[in-house]
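Here the protein sequences line up with chains Y and U, keeping their order. Under our numbering, residues 136 to 444 are what the first sequence spells out, in order. Under our numbering, residues 1449 to 1929 are what the second sequence spells out, in order.
Errors might be hidden in some of the hints.
Covered stretches of chain U, as calculated for chain Y (at least 3 residues, CB under 8 Å) [unchecked claim]:
(1) 1697 to 1707
(2) 1785 to 1794
Estimated spans, in silico, between C-beta atoms of each pair [unchecked claim]:
(3) U/Gly1590 <-> Y/Pro238: 46 to 54 Å
(4) Y/Glu438 <-> U/Gly1926: 56 to 64 Å
(5) U/Gln1846 <-> Y/Leu249: 42 to 50 Å
(6) Y/Val256 <-> U/Lys1580: 57 to 65 Å
Honestly, the hints are just simulated from the structure, not real lab data. Quick caveat: nothing in here was measured; it's all calculated off a predicted structure. Backbone N, C-alpha and C define an ideal beta-carbon position, used for all residues, glycine too.
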Amino acid sequence: MLSRVAEQLYWFGRHIERAENSARLVAVNANLMLDLPRPFQRIWANVIDISGSNDLFYPSYGKADEDCVLQFMLSDETNPSSMLCCVRMARDNARSSREILPPEAWETINELYLYVRDNAVLGTDPGERLGYLQRVIRYCQQVTGMLFGSMGHGSAYSFKRIGRNLERADMSTRIIDVGCVNLLPGGDDSATAYAELLWLNILNSLGSYQIYRQHVKVRPYGEDVVEFLFKYVDAPRSVLHCLEEIRTCLLRLPGNEAPLQTLELARNRVKAADIAQLLEQDNLHGFIDEVQLGLGNIHAQVERVWFRY
Amino acid sequence: MNLDRYPLAGLYDELLTPQGRARPGLERMLTTLQELSYQELAACRSDAEQAIATMGITFTVYSEAGNIDRQWPYDVIPRPILHSEWKQVERGLVQRLTALNLFIGDVYNDQRIIRDQVVPAQLLHTSKNFRKECQGMKPAQGVWAHICGTDLVRGSDGVMYVLEDNLRVPSGVSYMLENRRLTKLAFPELFENYSVRRLGGYAIHLFETLNSISPRPLDYPEIVVLTPGIYNSAYFEHSFLARQLGAELVEGTDLVVGDDDCVYMKTIAGLAPVDVVYRRIDDLFLDPEVFRNDSVLGVPGIMRAWRNGKVGLANAPGAGVADDKLVYTYVPDMIRYYLDEDPLLPNVPSYRCDDDQQRRHVLANLDKLVLKPANESGGYGIVIGPQASRATLAQVAQRIKADPRGYIAQLPVNLSTVPTLCDGRIEPRHVDLRPFVLQGDDSYVTAGGLTRVALTPGSLIVNSSQGGGSKDTWVIAGGRN
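All chains, full assembly: derive it from the sequences and hints.
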């Protein structure tokens, strides 16, 4: 397949995933606000932290209150990670690789874009918001499912899947990172009172609460959650799961030696990590940085070997 | 819907006779339209519009910066043609393209037609689309224009005329195919009474045509569609055709020409050889080594590969020489000269402005003629005399005097009409027709073509870039049952 098309599919996977992540993050936090006895604005600042957009957000919005954050995350045309922009870019990626995508998948992506564009106002309406975001999340999952069910599972699909899983692993590490700053010893006092609720929220942001309960059983707290989100390979949003998925894809591609090596480094690092010890030594943040660097290296290798040789 | 007040005066309508009855063979189509209410028809239209949005059938208008996908305008009432008539048209189209291909091959080689004084040498020396880089080339099958999109119009005299031959990179075939899909979706009840010739075979014939010019005799040649990219007005079509052909859709930067003069595409497994390029970019952008050196859309060296027989190019570079509207005026002579046959499809009566006598006539009758630049396409630069202001006519007179070679004039054709769903009722709207003709080791004509319709009342401008719409075209082989 053409390198340019492979690249488009890779970014398609990333953009759809990123759009879904934005929708999920906003939905879960908006929901959380309703559970808290008093407004806890730090939550919205966290959302901006997680999306890694502080430099873009604060100069134009000033403060991270609900209205500003929602607009920024969902429909801001100047924020390349906003849900609207991600969906639009995903559609552009799909447009440039339409000859490879199943027709019904293109139609669904097109529908998704038109829906997000034409209904952006629903995201700002507390009564409509959750329904709107849920529909977007469902559309994204529908696309993922359609591709799984009706696209050839060859190289093209592998690139899409690599993109999706890199994006997903990246998101999971960000959510853990921000969660830990707020919730682990030394975090904000007002947060500790609701610690359990906030850990639950982290799991929900990653759609993983149910799997966590089934697997870990004990109530969600600190170390267990972090361990689970990094290393439980059967949880579809755990970092290790994403790395395994990427590995499966890389193994199917021609000339995969260098990207595979890079992947193995990151995978071994995650597998070997002693989460309890990292937390004890207050070194989790450093570890997360390492993992994110590893994900960045995988991206660079994929780009160098298959897209821009 | 009641069509009793459908105005027919001075028009040739494709469905109705001047007396307001259905043309023979089309009675049931008229009955179906009469039996449906406006609400029912409007519901068909809204179904179609919904499908167009979802299916992402779009086109681009360059004057609308930033908007690269305007929705495709489509009218639910098909334009009917009887198969008995269409058979004649098909023969005429194949005859015409055969002669044009002989002409192109001749002008780049022996130029017999000039030596025999059928066309003047001057015609080529002054042609903007004559490419000296193509001289001496003999492409596979002797075919230069493999894909042709001839524009046909029917006048109020009922005669089908050739308006122009589009031999460079004609577009519209994907819209023709999508229009059929839309009609089936939105208006299935109309199909109940008629056996309509299917359009589905186009991609297979296109594939075989392209296959026949592959320099390597393989069962599975590597065919690619070369597009300028997503900002091109016809990108939708390029992508559509690539999908239908099972071909890679490539941009210039995806291709390289090696030291062996072969064309390769950059794949995830390294460079892979390419046999045939269906190029949808203009000659002048094709190869910066040979033509415009500022082209970023093209492929450096691709002309070298083609000249050395390492790659098939469709349409061949240089084929546009026959797209010149002054050359068009000689096509009936070419048919007689090369084929020793009488033309089956007439040209619209035309005047050559580079001929002193004819130019004097044109300048004296500007307000009765249509003035066309010889080397534009897409309807750009055309002045319709009877509708133009004095200032416009004065300007065009200046331009003709300054560049007589650059213009032809034609008698205006009052294009035939087809019933069209307008606001609240059915009205006649003017149409043209673009069938697609393929030529490789064999010839093929689509059953019908893309019918373009001028949506503004009375307007004769059908171009989608200028407010035109489109219709499904039905070649009706007979009744059902």
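Verification of the hints:
Requiring three or more residues with a Cβ within less than 8 Å of a Cβ of chain Y, the coverage given for the region 1697 to 1707 of chain U holds, as 5 such residues are present. Evaluation of the coverage hint for the region 1785 to 1794 of chain U: breached, as 0 residues show C-beta separations to chain Y shorter than 8 Å, against a requirement of three. U/Gly1590 and Y/Pro238 have their C-beta atoms about 37 Å apart, which leaves the hinted 46 to 54 Å range violated. Taken as a hint, the range 56 to 64 Å holds for the pair Y/Glu438 and U/Gly1926, whose Cβ atoms sit roughly 59 Å apart.
U/Gln1846 and Y/Leu249 have their C-beta atoms about 48 Å apart, which keeps the hinted 42 to 50 Å range intact. The beta-carbon spacing between Y/Val256 and U/Lys1580, approximately 60 Å, falls within the hinted interval of 57 to 65 Å.
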